[in-house]
Amino acid sequence: MLKDELINELKIKCIKMMELTFNDVNIALEAIKNHTTNKVNDDTIDNYHMEIESECLKILLKEQVYSKDLRIVTGILKLVDDIERIGDHAEDLLWCNSKLSTEEKFIEIKNLDILLSEISEMVTLTLKSYLTEDIELANKLIQSDDNIDKLYLKVLDELEEKKTLAKDQNLIIYDTLISKYLERIADHLVNINEWIVYIKNGYYKSKVIL
Amino acid sequence: MEENQVVFSVKNLNLYYGDKKALNNISLDIYKNKVTAFIGPSGCGKSTFLRCFNRMNDLIENCKVEGEILLNGKNILEVNPIYLRTKVGMVFQQPNPFPMSIYNNVIYGLKCQGIKNKKELMEICIDSLEKSALINEVKERLKDNALALSGGQQQRLCIARCIALSPEVILMDEPTSALDPIATSKIEELIRELKKDYTIIIVTHNMQQATRISDYTAFFMLGDLVEYNKTEEFFAHPQDKRSDDYISGKFS
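Chains as they are written, first to last, in my numbering: chain H, 1 to 210; chain S, 1 to 252.
Hints may contain errors.
[What the hints assert, rightly or not] Calculated lysine-lysine pairs in the DSS-like style (CA-CA distance at most 25 Å, straight line):
1. Lys180/H / Lys167/H
2. Lys200/H / Lys230/S
3. Lys62/H / Lys250/S
4. Lys11/H / Lys250/S
5. Lys118/S / Lys143/S
6. Lys205/H / Lys230/S
7. Lys68/H / Lys143/S
8. Lys150/H / Lys205/H
9. Lys241/S / Lys3/H
In case anyone wonders, no lab produced these hints; they're calculated from the structure.
Just chain S, same shape as in the assembly (with noise of 0.2 Å):
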């Protein structure tokens, strides 16, 4: 793994819920230009580590977060979280684009940020739209609702929302479980081109998907970060016994 260059450097992390531990102690690297999946039973604490790379636990009452994630070396909880987001961005588990235009879906984060030039924002929002794969079907209504969008036409669209602010990294919290087996697979075919130009980080519950789209895989238990491998060697040969329990299905 030496041979990569790390974008995050998660050292000792520790996270409570009120006085519920929820993941302890956990040290590990993500690297630059790769997909990094997370996995493991539900309730591991997959997706609230997730949450620690751009601060959302922040927003938990009673969440206290110990140890320290370095973004480029930069201690991330030393950093405005409006600013961190828009260099790590995030895509959920349900699309949730906004209540407006396809454009405005994707100009708002660039708006918030201030930016009026209105040749500026259609440029970013066209680029956007291409790197998400999304702008053959939608480069003739851009001012049409959203919501009209299908579901996976509505998650690219959120994609390209988060590639619009340049984000380092773009954390996916299990991006296609809401989709269809073809939505899935355009998700997973533009995750495989996005990581060219970004880091991803995934959490998914499905196995096979992040032994086709993740470089790395991280399995999680109870809280512990049980095993960190390159995904094939992961998936191959397992070090740990609960990883190989986990994969060969012997508990869930």
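Isolated chain H (complex conformation) (with noise of 0.2 Å):
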């Protein structure tokens, strides 16, 4: 196969492995947003992460790759990481929804279900991201990760407020591991648009690296 064809597959690949993640926390943010339960299995993500790395360095073994074609190669390389660190608290999300007993759920913490519309549209917006290889997009995602941590603050100060609401204290534990599941996704998140910006001209973190 073709050095272009094997970059073609490879960012397919990420392509595919962005979008079954993103679906998976799109199916536990649902599931906490509506009181229901679910399960996910990122079984096929972590499969998509070991075999995208493995082309990666398989390509960069193999061929000479230079220019915007080394940075996607890098790029990848390091993104698939955090997709596969979202999968597994996507999973993590639904496992603390599933504790959350029926009639506890119908208290109110209303900076959670802000949180919870953040990410989904953080989540959507990186995909656009990636694919657009938009620039000014991915730079407004990565900075609106303070607004995420200061969210995420008020979430803990409303359990800890509503603390005495709660017949089942599993709520005020659940929820606050939910949170801080939250604020872990938006960081990575904001690694991935981080990548998306260095694939596109060499910068990461404002430094040029490549």
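Grab the two chains, each in its own frame, and use the hints to assemble them into the complex.
Here it is, written out as structure tokens:
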């Protein structure tokens, strides 16, 4: 297979892995938002992770990659780690959600709902920024992390306030974990967007690394 | 690039083989104690351009050169070519030791210059073999025929022969293309050492070699200098689409 075809196939696999992972995240977000239970299995995502890593290394071993091609291969090699972690957190979210008892789910945590909706939007826009290599959008998403961190702290404050309302303290424990996993997902989305910027222009965290 | 000292300054250089124009209005500076790589597809003019720096093209019939090549500010077209070639040595694609002893190979140029003092000749010979990282392999057999050496050793001997004349610049025309990976690695290591004392210009088809050993890269195509930049910058962010296509293997 020609180098161009190998790199194109790599990009397509990365999109598929991202779509699968983000679909799992959306399933988890919907389940938490609607107080329903659901399950996801990230084995396929893990397989994509291994396969993409292996193909990146094979390309680096066998082909002379320079310029944009080198940034694509090394950028993808880095960002698949973040996608894989997001997949794990989607599973974690659903596991935490399954621990919440039905009646307790009716206690409203307003900031958690906002956090869920922010993450959902960030996931959609990250896929868009990757597909379109939209640097402006990627940078906007990187900057939005501060807002997510503030929101995460607000959720913790709200849980603290409402802990006396909860008959079952599992609500507080698992909602705290849920908000932490959401915050971690946002961090990984930021990393992905940083690699998208690097693939486009060689800048990583405002420094030229290639 | 401005912070470096210029050794060679090429200005509006055109070169013709008969009616055929092989180099088209080339202008660039070569910097002191740096390795500059010339890359490009076969027939692009990179070896022709390399030969301009010590006037090897003078030996080719119907070859006409226009423009200026200044060595430390002096036009080399106005310098005695024999003297020029002591200041600008050359190493070729195929190792080309003379059919004589290792010692006589190294001191050949010095003898041509009229140096006869045996002690001085031996000192320069040892020094040159040390600088070319060959001394440990040949010190016990300096009188042996150079043709008995391996290809990689022969190439390092040619580098020693070049160094013996104390050049300022060493030209290398695909010096490792006939060598195995181990001998190639030794020559590359040697080039990295030699640049502390000499300015090196190398023609190579091996782009990974260019990224490993050169500080600057010039990309040629159809007789044009397409792009000239720091090597890392050139291979990471080529400015011209033709450079990008070439290094990405889009055409050959």
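Evaluation of the provided hints:
For the given pair, Lys180/H sits about 22 Å from Lys167/H by alpha-carbon distance, which is consistent with the 25 Å threshold. Note on Lys200/H and Lys230/S: the hinted pairing holds, with a Cα-Cα distance of about 20 Å set against a maximum of 25 Å. Distance restraint check for Lys62/H and Lys250/S: the Cα-Cα separation of roughly 16 Å lies within the 25 Å cut-off, and the hinted pair is therefore satisfied. Under the criterion of a C-alpha separation no larger than 25 Å, the hint pairing Lys11/H with Lys250/S is consistent with the structure, at around 18 Å.
Annotation: proposed proximity of Lys118/S to Lys143/S holds, straight-line Cα distance about 14 Å (limit 25 Å). A distance of roughly 23 Å separates the Cα atoms of Lys205/H and Lys230/S; the hinted pair therefore holds under the 25 Å criterion. Restraint check: the Cα-Cα separation between Lys68/H and Lys143/S comes to about 53 Å, which exceeds 25 Å; the hinted pair is violated. Note on Lys150/H and Lys205/H: the hinted pairing holds, with a Cα-Cα distance of about 21 Å set against a maximum of 25 Å.
Proximity of Lys241/S to Lys3/H is assessed by CA-CA distance (about 18 Å); at most 25 Å being required, the pair is judged to hold.
Taken one by one, the earlier hints fail for this structure only at number 7.
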